[in-house]
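Chemist: Generate the whole structure from the sequences, applying the supplied hints.
All residue numbers for the sequence shown refer to my numbering, where the first residue is 1 and numbers rise by one.
Just so you know, nobody snuck in bad clues.
Result set (DSS-like, lysine-lysine): computed pairs, CA atoms no more than 30 Å apart in a straight line:
#	residue 1	residue 2
1	Lys35	Lys55
2	Lys58	Lys35
3	Lys58	Lys46
4	Lys34	Lys8
5	Lys8	Lys56
6	Lys46	Lys2
7	Lys56	Lys46
8	Lys55	Lys2
9	Lys2	Lys56
10	Lys55	Lys8
11	Lys46	Lys35
12	Lys35	Lys2
Calculated from the structure, these hints are not laboratory results.
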Amino acid sequence: MKLIEAIKYENVGTVIELLSSRRDTGVDAPAWLKKVGQELISAEDKGDHWRIVAKKIK
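Modeler: This is the structure:
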């Protein structure tokens, strides 16, 4: 998942936006962020895609 790559290589405090047309992104991304201790800012179903915003906190 692109979100994993982005979080891994960014500095603490970086805010990352992920846009995905995969329907499972709305469940997978928030669950993964919680599991690895990062901050989910928002997860929005835009109809034809998901918009996930996260902040790297560690």
